[in-house]
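Peer 1: With the hints as extra help, turn the sequences into a complete structure.
There are 2 protein chains.
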Amino acid sequence: MKFGYYMPVKLVCGRDCVRENAALFAPFGKNALIVTGKSSKTNGALADAEAALSSNGQSSCVYDKIPPNPTVASVREGGRLAREFGAEFIIAIGGGSPMDAAKAIAMLARQEAEDIFSYAPSDDVLPMIHIPTTAGTGSEVTPYSILTNDEKQTKTSISNPAFFPKLAFLDGKYMRSLPQDTTVYTAMDAMSHAMEGMLSVRAGALSDALAKESLRILRAELPALTEGKYSDDDRDALLYASTLAGMVIANTGTCAVHSMGYSLTYFHGAPHGRANGLLLPAFFSVCEERAPARVKEILGAAGFETSEELAAALSPLLGEREKIDGEKLRAYAEKASVNKNIKNCRVHFSEEDLFRVLKNSVGDRQ
Amino acid sequence: MKFGYYMPVKLVCGRDCVRENAALFAPFGKNALIVTGKSSKTNGALADAEAALSSNGQSSCVYDKIPPNPTVASVREGGRLAREFGAEFIIAIGGGSPMDAAKAIAMLARQEAEDIFSYAPSDDVLPMIHIPTTAGTGSEVTPYSILTNDEKQTKTSISNPAFFPKLAFLDGKYMRSLPQDTTVYTAMDAMSHAMEGMLSVRAGALSDALAKESLRILRAELPALTEGKYSDDDRDALLYASTLAGMVIANTGTCAVHSMGYSLTYFHGAPHGRANGLLLPAFFSVCEERAPARVKEILGAAGFETSEELAAALSPLLGEREKIDGEKLRAYAEKASVNKNIKNCRVHFSEEDLFRVLKNSVGDRQ
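Residue numbers (our numbering), protein chains in the order written: chain A, 111 to 476; chain B, 111 to 476.
Don't read these hints as lab results, they were simulated from the structure.
Even glycine gets a Cβ: it sits at the ideal position worked out from N, Cα and C.
A hint or two may mislead.
Computed cross-link-like contacts, DSBU-like style, restricted to lysine-lysine with a CA-CA straight-line distance of at most 30 Å [as the list claims (entries may be wrong)]:
{"#": "1", "chain 1": "B", "residue 1": "Lys450", "chain 2": "B", "residue 2": "Lys406"}
{"#": "2", "chain 1": "A", "residue 1": "Lys276", "chain 2": "A", "residue 2": "Lys450"}
{"#": "3", "chain 1": "A", "residue 1": "Lys112", "chain 2": "B", "residue 2": "Lys151"}
{"#": "4", "chain 1": "A", "residue 1": "Lys276", "chain 2": "B", "residue 2": "Lys276"}
{"#": "5", "chain 1": "B", "residue 1": "Lys438", "chain 2": "A", "residue 2": "Lys112"}
Derived coverage of chain A by chain B (criterion: at least 3 residues anywhere in the stretch with Cβ under 8 Å from a Cβ of chain B; other residues may be distant) [what the hints assert, rightly or not]:
{"#": "6", "segment": "310 to 321"}
{"#": "7", "segment": "343 to 355"}
Computed far set for chain B versus chain A, every beta-carbon distance over 10 Å [said to hold, decoys possible]:
{"#": "8", "residue": "Tyr116"}
{"#": "9", "residue": "Arg125"}
{"#": "10", "residue": "Phe227"}
{"#": "11", "residue": "Ala272"}
Peer 2: In structure tokens form, the structure reads like this:
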């Protein structure tokens with residue numbers, strides 16, 4: 111038995127937990143920069159956070175200019191705003207984009223970083239409170255910030271132990287107005303985290319236990335996801351499963367699926383979770399040949415016998431697939447083959463293997 | 111779904127993890143006070159910690175005067191020693207007693223506390239590294255320090271978020287020379303933590319998942335515990351199960367079993383884990399009447415159908431029972447009824463209920 115495990119975020123989970131725990135915001139300081147997207151204005155999360163702050167006499171400034179797949183320019187602007195406003199802490203509200211961006215902003219508020227992707231950050235980072243409003247990224251419990259890297263034409267993860275938020279609030283009510291495709295794709299992202307985490311060379315007993323619990327819950331939510339009808343219990347369960355899967359990758363990292371998925375997002379605009387969902391079955395069909403016992407354990411935790419069963423479950427959720435020509439897929443395989451996540455996988459994936467997975471997932475001739 | 115969860119300790123688990131991760135000790139400072147019992151000198155843990163420190167050029171001073179069930183006098187002496195030595199951090203090595211004592215020492219090194227049990231501590235506490243060498247207390251992942259309270263003739267828990275160690279090393283090899291009774295009683299303590307944690311009013315989805323995983327592992331170790339023969343895999347599994355159960359009570363606290371058990375330890379010298387093991391079945395037989403579904407879930411996680419099955423499994427491990435007269439048990443029931451843990455239980459236990467559990471567990475006339 112060999113593993114490392116670290117997840118220092120305090121979790122507060124439950125209906126109306128933000129308003130009911132306003133006192134937890136008080137020690138963070140006088141001024142908060144709220145980093146968010148557009149939907150937090152209608153799903154109630156922003157209002158809840160502002161009410162909590164105002165009950166403590168704390169001030170806030172809202173920065174809502176984070177695009178999906180956050181750019182370096184947008185986090186630089188956020189960092190500048192945090193400094194100008196004198197923010198002592200950051201509140202991130204939203205899906206993966208605002209939460210990942212908030213981490214970079216929390217750093218840029220305190221540190222200059224000329225090239226953000228090669229920069230070795232110190233732990234002088236503004237403290238953060240995260241309020242996820244989608245159930246997929248798990249960013250509220252990870253030390254990762256994934257940003258668009260235009261120079262390398264991909265998404266690149268920057269990691270810093272100081273990127274762990276201090277506090278995360280989990281309330282499924284913020285997902286009530288979430289579109290069906292976002293709900294489905296983010297659930298695929300969570301599933302991908304739990305599954306890839308179990309295939310990581312850093313997987314251990316504790317991350318496995320959390321991953322299996324996440325997969326068990328996601329499997330139970332499959333009928334709701336397929337039907338597109340959700341009770342508040344379903345939303346809570348999806349959010350909890352996503353946080354569990356985040357706790358997994360905080361300790362294991364992700365593997366080849368994420369490495370390949372970044373190209374589908376960067377070049378074809380596939381939402382991140384959809385990209386993972388498209389690739390997962392073909393990825394596991396390769397893994398099945400090379401690590402059959404482990405794959406059986408992983409798929410079994412999600413209630414599937416084989417990668418074909420996984421494919422059959424995800425297929426109706428994905429609808430019509432992207433069709434990408436072979437030459438492009440060759441280039442994406444090459445790009446993925448040098449991504450650091452590839453080395454993180456217990457199963458070796460050559461460039462040819464990656465191409466095969468891409469071709470079988472989104473090739474224009476199958 | 112409603113819960114809070116916090117467990118900020120970094121875990122490093124694996125054979126020889128202390129020596130192999132000596133670099134992790136370096137940032138803590140120049141001087142370490144090592145708080146330990148006698149057995150760490152023979153089980154290799156002290157030598158490993160000293161080797162790690164010395165490879166970093168760090169100095170240490172060993173304080174090994176912690177009695178089982180640590181006294182206030184012993185932690186005061188430790189606090190004085192930490193100040194005199196200029197300790198910047200504490201390394202706790204051993205079972206629950208040194209680890210719990212180390213937390214109070216880490217506080218007393220920085221704060222005066224006239225009455226340690228009523229004192230409201232600040233978070234100015236020396237940082238700690240814990241190396242458990244028994245598998246029961248889970249202290250390496252909790253914010254609790256349980257000390258002998260002579261004024262109230264019991265053991266009293268003091269709690270402080272700053273009591274969470276920064277780092278804990280888990281290596282089952284330190285248990286190779288552990289006596290059979292200590293191995294068994296500490297496993298009973300871990301089982302009690304997981305089971306009581308699930309009956310806590312603060313139990314939630316995540317603590318339940320960790321508790322069930324702990325109980326699953328403990329159940330699988332029952333044959334080894336009964337036979338008294340352990341492989342290194344068994345020791346690793348017991349230690350991991352104990353840490354999981356510690357992560358549970360860090361978030362849920364314990365319930366009536368611990369409240370009653372303190373008297374068996376204080377007045378009759380029953381080792382803490384043994385006291386819990388003696389009381390668990392009768393405790394669950396009361397709970398079975400009042401919360402049957404939940405008890406079925408808890409016992410089921412440990413592979414038992416009923417509290418009788420639990421009793422049958424634990425009985426051979428307990429050997430001859432303490433026989434205590436009814437008048438004394440009345441007094442212990444009264445004492446337990448005012449213990450704060452009683453309110454923490456989903457099942458209400460009146461003083462009469464507590465007496466009934468004590469009588470059925472260790473009464474001289476059954």
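Peer 1: Kindly indicate which numbered hints from before are broken by the structure, ordering the numbers from low to high.
Peer 2: 5, 8, 9
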